[in-house]
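Line order of the protein sequences matches chains A, B, C, D, E, F, G and H. For what it's worth, the UniProt record's numbering labels the leading residue of the first sequence as 43, then goes sequentially. For what it's worth, the UniProt record's numbering labels the leading residue of the second sequence as 43, then goes sequentially. For what it's worth, the UniProt record's numbering labels the leading residue of the third sequence as 43, then goes sequentially. For what it's worth, the UniProt record's numbering labels the leading residue of the fourth sequence as 43, then goes sequentially. For what it's worth, the UniProt record's numbering labels the leading residue of the fifth sequence as 43, then goes sequentially. For what it's worth, the UniProt record's numbering labels the leading residue of the sixth sequence as 43, then goes sequentially. For what it's worth, the UniProt record's numbering labels the leading residue of the seventh sequence as 43, then goes sequentially. For what it's worth, the UniProt record's numbering labels the leading residue of the eighth sequence as 43, then goes sequentially.
These are calculated hints, taken from the structure and not from any lab test. Among the clues, some could well be false.
[As the list claims (entries may be wrong)] Straight-line Cα separation of at most 30 Å, DSS-like style, residue types lysine-lysine; simulated pairs: (1) B:LYS143 <-> B:LYS113; (2) B:LYS108 <-> B:LYS89; (3) B:LYS56 <-> E:LYS109; (4) E:LYS90 <-> B:LYS89; (5) B:LYS56 <-> E:LYS108; (6) F:LYS82 <-> H:LYS89.
Bear in mind the structure is a predicted one, so any value in this text is a computation, not a measurement.
Number of protein chains: 8
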Amino acid sequence: LRSGFGEVVFCQGKAIEHLIHIYQRFYEHDTNVLGTRATKEQYEEVKKALPVVEYDALSHILSIQKKEINKTGCIAVCTGGTADIPVAEEAAQTAEFFGSKVLRIYDVGVAGIHRLLSKLDEIHSANCVIAVAGMEGALGSVLAGLVDKPVIAVPTSVGYGASFGGVSALLTMLNSCAEGLAVVNIDNGFGAGYMATQINRLAVRAE
Amino acid sequence: LRSGFGEVVFCQGKAIEHLIHIYQRFYEHDTNVLGTRATKEQYEEVKKALPVVEYDALSHILSIQKKEINKTGCIAVCTGGTADIPVAEEAAQTAEFFGSKVLRIYDVGVAGIHRLLSKLDEIHSANCVIAVAGMEGALGSVLAGLVDKPVIAVPTSVGYGASFGGVSALLTMLNSCAEGLAVVNIDNGFGAGYMATQINRLAVRAE
Amino acid sequence: LRSGFGEVVFCQGKAIEHLIHIYQRFYEHDTNVLGTRATKEQYEEVKKALPVVEYDALSHILSIQKKEINKTGCIAVCTGGTADIPVAEEAAQTAEFFGSKVLRIYDVGVAGIHRLLSKLDEIHSANCVIAVAGMEGALGSVLAGLVDKPVIAVPTSVGYGASFGGVSALLTMLNSCAEGLAVVNIDNGFGAGYMATQINRLAVRAE
Amino acid sequence: LRSGFGEVVFCQGKAIEHLIHIYQRFYEHDTNVLGTRATKEQYEEVKKALPVVEYDALSHILSIQKKEINKTGCIAVCTGGTADIPVAEEAAQTAEFFGSKVLRIYDVGVAGIHRLLSKLDEIHSANCVIAVAGMEGALGSVLAGLVDKPVIAVPTSVGYGASFGGVSALLTMLNSCAEGLAVVNIDNGFGAGYMATQINRLAVRAE
Amino acid sequence: LRSGFGEVVFCQGKAIEHLIHIYQRFYEHDTNVLGTRATKEQYEEVKKALPVVEYDALSHILSIQKKEINKTGCIAVCTGGTADIPVAEEAAQTAEFFGSKVLRIYDVGVAGIHRLLSKLDEIHSANCVIAVAGMEGALGSVLAGLVDKPVIAVPTSVGYGASFGGVSALLTMLNSCAEGLAVVNIDNGFGAGYMATQINRLAVRAE
Amino acid sequence: LRSGFGEVVFCQGKAIEHLIHIYQRFYEHDTNVLGTRATKEQYEEVKKALPVVEYDALSHILSIQKKEINKTGCIAVCTGGTADIPVAEEAAQTAEFFGSKVLRIYDVGVAGIHRLLSKLDEIHSANCVIAVAGMEGALGSVLAGLVDKPVIAVPTSVGYGASFGGVSALLTMLNSCAEGLAVVNIDNGFGAGYMATQINRLAVRAE
Amino acid sequence: LRSGFGEVVFCQGKAIEHLIHIYQRFYEHDTNVLGTRATKEQYEEVKKALPVVEYDALSHILSIQKKEINKTGCIAVCTGGTADIPVAEEAAQTAEFFGSKVLRIYDVGVAGIHRLLSKLDEIHSANCVIAVAGMEGALGSVLAGLVDKPVIAVPTSVGYGASFGGVSALLTMLNSCAEGLAVVNIDNGFGAGYMATQINRLAVRAE
Amino acid sequence: LRSGFGEVVFCQGKAIEHLIHIYQRFYEHDTNVLGTRATKEQYEEVKKALPVVEYDALSHILSIQKKEINKTGCIAVCTGGTADIPVAEEAAQTAEFFGSKVLRIYDVGVAGIHRLLSKLDEIHSANCVIAVAGMEGALGSVLAGLVDKPVIAVPTSVGYGASFGGVSALLTMLNSCAEGLAVVNIDNGFGAGYMATQINRLAVRAE
Ligand SMILES: Nc1ncnc2c1ncn2[C@@H]1O[C@H](COP(=O)(O)O)[C@@H](O)[C@H]1O
Ligand SMILES: Nc1ncnc2c1ncn2[C@@H]1O[C@H](COP(=O)(O)O)[C@@H](O)[C@H]1O
Ligand SMILES: Nc1ncnc2c1ncn2[C@@H]1O[C@H](COP(=O)(O)O)[C@@H](O)[C@H]1O
Ligand SMILES: Nc1ncnc2c1ncn2[C@@H]1O[C@H](COP(=O)(O)O)[C@@H](O)[C@H]1O
Ligand SMILES: [Mg+2]
Ligand SMILES: [Mg+2]
Ligand SMILES: [Mg+2]
Ligand SMILES: [Mg+2]
Ligand SMILES: [Mg+2]
Ligand SMILES: [Mg+2]
Ligand SMILES: [Mg+2]
Ligand SMILES: [Mg+2]
């Protein structure tokens, strides 16, 4: 999948010099780069050496897009609340980086189920759905019950008390009674966006 | 609350002779008795000494109803699946024992949200709602988002794998984003039925 | 319930611009607003744009009260220690915001049971009791054993070592042997205050 | 997806009479039925009433296949050890029930990585890979690192001691460093087989 | 302490022949023996070889008392419910075996605090108090708040759901806000009885 | 016990004004005060209002000793390592505050068992032993096996990785095979010092 | 290592026919076989087909020793209690199967440290030490502190209450302050015996 | 082992004056010192008093090497990713301090198995292998399956979400299906380096 699309860097915990070295090498090879979990400080230092890098403060993605990206198909990225948007953006921008069109449907959590129901027609048009939710994490189940496409659920660490840093949402998603749902790590928008793209591309070949 | 309604016995782990002694004493005082978590074997032994006892194999309630119970108000008891019904019945029969009318709405889990939505009008008529669900346990949240009355959520031990004997459903319920939801112990239908009755009676005084 | 009473905002983790936007919109519609888990910094920034907002540093509530609130009925809010007061205030002020009278009974933990016993008459006058406690969290049980009204227990993250950020108090409350007790998330004063108000209003209609 | 393919029943914990009733109704409507987590005893009782049911003792699937199933595409189902085969068969037979061709590649765990490497060409031919493993659960990661298609990982409860009934394998899979991996509940072969079929069908439309 | 009092055997999991051998050797040396956690089957087999052994089915203690035991001082053993009595008896009989007088005060849990308060005078007469409780486990805290002597708290595995086999009671006891409380392992009546005796004997020397 | 000895304040999380108020009131009543878990900042602020307070930076105890304390008996306080000394000092200074003589035996952990063995004679002279240890926490067991007096074990949060903030040491101590050991909360030196004093005083009455 | 020594079979959960097939194939190739975690029932069935198999009821090892095994070097296998012996025997017999001499030193737990100290000279003669212990699991630490050779610690599931099936002993061992200690899975005598043999053979080459 | 090699100091949490005192005393006795888990601040303060100390910012080792160290044998230290290098360096530098030659093979995680396979010949030359990995932690298993020497696995706290600070990697390693693997605490490079040296020295005596 990645060939022709670019390289991925896991920025968390990487030293500045190390990061600069990696980004420079990819830049010289005309390769697009998607760096996840980058801090603002990492961005500022890398930018000094390589002014072409771009940073999205919401998704914490540090990227170089030298070659144009052609987007096809459709992935729906939904969130339960507004606090889940950073993780959703990591998923959405990863999917876009690898060539998927993305439909963003945010703040449609199950405590107000009618907002979600009103968006169903749009969601049905996607080849794959990503459900991003923290706290009780029920969005994945409800979505998988309503749509016929694979749903990738991303638990987030949003919450407090007995949300245990995302464990509550993770367990909810793993125990879903609905069909067609699989789960990635807490806050792992990247993983969901990547797998959704794999699925979207399998589907797109058919159109 | 209990005065005039009867006594409660927690049968789990009680020795047969001890149980017979308790039930006989209450029987002689013309007191209704509600025993929870009784086994079939406990029932059969107590029945030998006191043929008037009745056993509900679904809810595991072992009871004597000597005095007629007058039922008022309304409590809605909902379940996610059919496997949650034993716990729901413990809640419903406890509520009835203490004088509440009960509306049973079973198997309306969030994986098929439309079944739940079609029952909303009925549910709105209750003074208090009990939501019984295992596995992902999202029913409580969805209900509390839809109704304006207090919702008491009962996680059940139904499930396997990462449901961890009800912990997954418990955490889902504790972390609900919806307003007006409180939680009792895993499989504690009795606790939910009792508290719902307290609320129902506060409301009924008003009618 | 909320209609006519105002709107609720979960401030934790919300960006300043986002918060200002929300508060301004409600202010323009003459709606009261109750924002929970707001930081002092959020308050100071919102205040610059909207000097009418008020901040309670104890409860971390950021509110606008444009329309007068009429308070009825009675909810008793009790705490085990003085460190539980911030969570208790979140509960109490939420209940007041939605129109309940509140009786505050603080620092009556079970290690000195006589202080609690001396307040029982007052507590009996409430339609609903909120028990806020950290560490061993036994206050909920003792209260539910003493009063006949629904008790909503709020575990707090007060403690150290094996209190595990409130888990110890949470488990104590979920496993209570007393009747008429339900539990909300750790430190969730808001949830308790909201549900207590639902119950209080059901009772008040009767008077 | 399911329309035209048949219905699914979660047999675990269902009463015999209830099961017989469900299977009979589907049988009368000429619907294929896939029942998961059925016990041998459930099978024997249902068979008395409905001799057409078939039971697979390995996967614990209780099924009626009245209408012929047309199989297309390809899903690879791999296991770490032989003890994981029951869960793998639940996945494989679910996928077949819903119309997927299945390639079984068992006992290729990472402790003897060369057996797995020798099967890679075969695995590359699938549209989706299911990785079933207990104990350390590393098979999912290794597979996702080697293939470019979506990998659905199923942790199993195989193991002892600190495998904690599948938790060890579950965490390994959630924390995979490889791209293109999502996880279902412990021992949930059904969920993996179902989602793999959704993906396979999206891909098949393209051929 | 033990010299002159007898020997202790941990029977759980020991083979019959091994047990018989141990008991016989002590018997021949005229030593009293206290065996804990013995099953009925172990008792019956040992009795065949050594008819002098006695078994208490409540405490699961298998003992030989060849030499008379002189009892002094006073230890109070209290329980929350009746289901905690087996563990309490293990504590009480251990204390008696090592020469302490024991005051049994059972079923005085905090859900009905007045029963406990009515026994306070008696409890004050003890040199050391043992508090045995399962489920919410609050008895230890309340007792330590009321009495001035060391309290040894024994959590029991009595309960269901989120009692997690005694973990809930254990955490309650460890997090007690009251002074003068220490905790032993879940269901470890023996450990509490032994340490209480050490304390009792230190006190008795003073009288 | 406390009457005539002074009052205890749990400083953690208390507001400065609140603390000053408490200390001033006790000071005016000529009462000694022992405040635990006080920060340096709390000390500096209280000192401004009440220059008589003293702060021990090791034990984090903030105290006023207006009346002379008469010390009797003997308690041995042992630690596994030097990092456990702050908790040990909280225990030792609490015991001294309430009138016990204290023998400090630090850095005698089980990885070098001979240092511990060489101190045994001294330890035997105490009426009660406090064992303070983090990481593997085995000191309590070894001590209880060597001495005949009650041992109070204090797990500390010293360690990293799988020490889980003291849980490892806590479990070691709860599961000790040695007789005469009870446990207090992680880092709860105060609780151990208090209970040891209760025991020491019972013994001292005898001398 | 294994070449020339024989093959290993993990019997737990394997079907009888499958086991017979495996053992027969190895028998025909004149290969020694070591099967771990075999049940008595597995043994009896395999014996019918292959009377040459031997079963050790203590270690649950099902083996064929067709070729003589030459034993060299020395491994010391120590246990804390007698209940740990089955796991110790799995370790010892595994080591012997692969050609190590084994020194068995059982029941030398830290609650009676002098028994262990009296065996030190013997233990020093080994190239590698295996420490098998449940409950508090401190034996590994104490041994690693006393000897200069690698110590492999095996936590066992012996215990009750907060031993959590071996987790307590596992954590103790992982957090050891002593140098030269590594840990295998709970009850994994096989793993310890195998690795000890690898070490022993490295050492033996030198003699 | 240590005699003639030097002393070890666990710097974490030690006070500056205490550290200076320790280092100075060893320096005066011409002893090499290896201090682990030292902070940069500790280094700077100790350096003021003792300019000879050296600090490695990657491994956090603070050392004095007064006597030359003679290195023999071979230990291979492998990591899954680059973020695991600090822990690997703690292991490698510990092994070198005690006289082992070290082969560093970093960033060979199982998500790209071919990089690891290409290094196998080199790894086979070592007497002992250390496998350092976070997140899913599968490197240990794969290595132990490929090499015939003892493998010591070090889980690291690298990761996020359900890696739970290294617990995921720890469990993976404990549950390995491969032979010849033992585990040390999360991030405990020191422990692995020390035990690997013990093994290496046993082997070296043979050459
Ligand atoms: N946010 C993320 N969560 C999990 N894995 C990631 C993430 N971002 C990148 N990765 C993985 O990390 C690899 C890059 O790691 P590295 O070589 O250390 O930069 C990528 O190929 C991905 O497989
Ligand atoms: N299923 C239940 N779960 C929790 N508590 C219960 C249950 N059934 C009864 N109880 C409580 O147990 C008390 C009776 O306990 P007992 O006196 O031991 O029979 C009742 O008054 C209730 O408070
Ligand atoms: N370090 C401590 N850990 C646990 N409990 C403590 C500690 N220090 C004081 N306490 C308890 O807290 C009480 C004082 O609490 P407060 O009234 O909030 O200052 C004392 O009487 C003790 O019972
Ligand atoms: N008791 C045990 N615990 C962990 N792993 C074992 C055990 N016994 C055998 N094994 C491993 O399981 C492998 C054999 O597995 P199998 O091919 O399924 O019989 C052996 O080569 C060992 O690596
Ligand atoms: Mg679906
Ligand atoms: Mg609601
Ligand atoms: Mg009540
Ligand atoms: Mg891949
Ligand atoms: Mg007290
Ligand atoms: Mg002792
Ligand atoms: Mg050693
Ligand atoms: Mg190997």
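So which of those numbered hints doesn't the model satisfy?
3, 4 and 5
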